[in-house]
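Work the whole structure out from these sequences, hints included.
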Amino acid sequence: VVEMPVRIRLSLHGCTNRPFYHIVVAPSRFKRDGRHLEQVGSFDPMPNYNNEKLVALNIDRIRYWLSVGAEPTKPVYKILGLAGILPVHPRSYLETERRLRDINNRTGIDKTKE
Amino acid sequence: VEPTFGIMSLRFCRGVYRLIILRASYSNGCVPLTPAVSVDDERVQDYLGYMTGIQFDRLYVKQKEELSLPKYRLLTEEQLKRVNEEAMKKAKNLLKMTPVLPEREEKGQVKDRDPRIDRFDDSKWLFTDISMGREDKNRYIVVREPNGVLREATWEERGRVCQIYFPKEGRKIWLPTLLTPEQLPDVLERGHHLHVLDLVCVQCEPDSSDYIRVHHTVYEHIDKEGHYQDLYSTKHYGGLVWYLLLRDRLEGLITAMLEHQQFEEAETLVKLYCLCLPNSSFISSSPDTGLQLIQEFCSHKGYSRAEEIVKKSLKDTEQSLAIQNHD
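Chains A and B are the protein sequences, given in the same order. Per my numbering: the first sequence ends with 202, consecutive numbering throughout. Per my numbering: the second sequence ends with 417, consecutive numbering throughout.
No lab work stands behind these hints, which were simulated from the structure alone. Just so we're clear, the structure is a prediction, and the values are computed from it rather than from any experiment. For glycine and all other residues, C-beta sits at the position ideal for the given N, C-alpha and C. It is possible that some hints are incorrect.
Okay, the calculated bits of chain B under chain A, using three or more residues with CB under 8 Å as the criterion [unchecked claim]:
1) 201-207
2) 213-221
3) 251-264
4) 351-359
Which residues of chain A face chain B? A partial, calculated answer using Cβ under 7 Å [stated by the list, open to error]:
5) Glu140
6) Leu142
7) Ser155
Here it is as structure tokens:
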């Protein structure tokens, strides 16, 4: 018996230097961009004209798949956490801390240069 | 000067069905009065529908379609009658008055705050629920700000995002420049009232601020220039009449009606006035007499030009009656 848990994950579309993700329900053994059970949304990581990142979520279907045991991957969990559907993932807190630390380090370096 | 109106008075319009709010009948021309009957009332809709009129050449020539060969059908008298009735029904459907609603309340309440993800990103994240079977105005659309606040999307954001994922035909994602307050006066100067109103009906929801603003600007311009006939026999005419009625500025409208020999429509307008503003100082002493009623109304209000026209046409009818009796 081969383990094939069903996941909710991002599948990469778009083109070179322009990623665009579909949020997709698929068993983990299927190809990343290949066959899937259902598409439940999309995520555009590039901010638009209004500096917004657009995420579409079919919340009814996501709820169903979560209820039957589908596991969201970390990026998808992060998205669902930011959307208010699931609690905010600790990864978001970690990424924020690291980001602020990097910003501080950079400004620190600039200050020392002056 | 664009008229400003109190939102409280408009809320009254919507929520109050048969209660009559006593207010001075004199209006300063900008702030709308509270009508005794709401615009959705059957009688009001009937009157406005009658005033709108049906001109088939205006209704059916407007649209540009693909060229096709003309179709000929051989019909009996009865079939022809039935086809005409259907055409009339279709025309009435096209002429159904556009909705008049109070402005919607702003959205944007904060749902959740999380200071631990403050500055998690430089841009906002806009989440939309694309579940089937939801109405656009009830969709779960939220924004996660860079400072970690999760709030409901504003109407502007909602409109844009619904148009991206559930596009409506003819609607643009961004408001057309034609409808912005900077460009609109210039467009109206060129006389494109009908085009602008059709555009805004497709683009905006009836209770959005843009819809109301554009409609009011167009109505003001039409009233100023006297182009009432531009909207005659269209679905926008009822809205124009209702707007002017609530602000008690019917002089231009009634004069234009009489100049175009629309005496029954003018009589309907006076009847609508009596129905909706019963506390005004005009109470007709002789009800249901067409031209007499109009004359009384015009003389009471001081619409001199309109009164002239009515007096002249009364004299003409008297003369023709006299000639008939003589014969």
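Hints, verified against the model:
no.: 1; hint: 201-207; verdict: holds (count 5)
no.: 2; hint: 213-221; verdict: holds (count 9)
no.: 3; hint: 251-264; verdict: holds (count 3)
no.: 4; hint: 351-359; verdict: violated (count 0)
no.: 5; hint: Glu140; verdict: holds, 5 Å
no.: 6; hint: Leu142; verdict: holds, 5 Å
no.: 7; hint: Ser155; verdict: violated, 15 Å
When held up to the earlier numbered hints, the structure conflicts with 4, 7 and fits the remainder.
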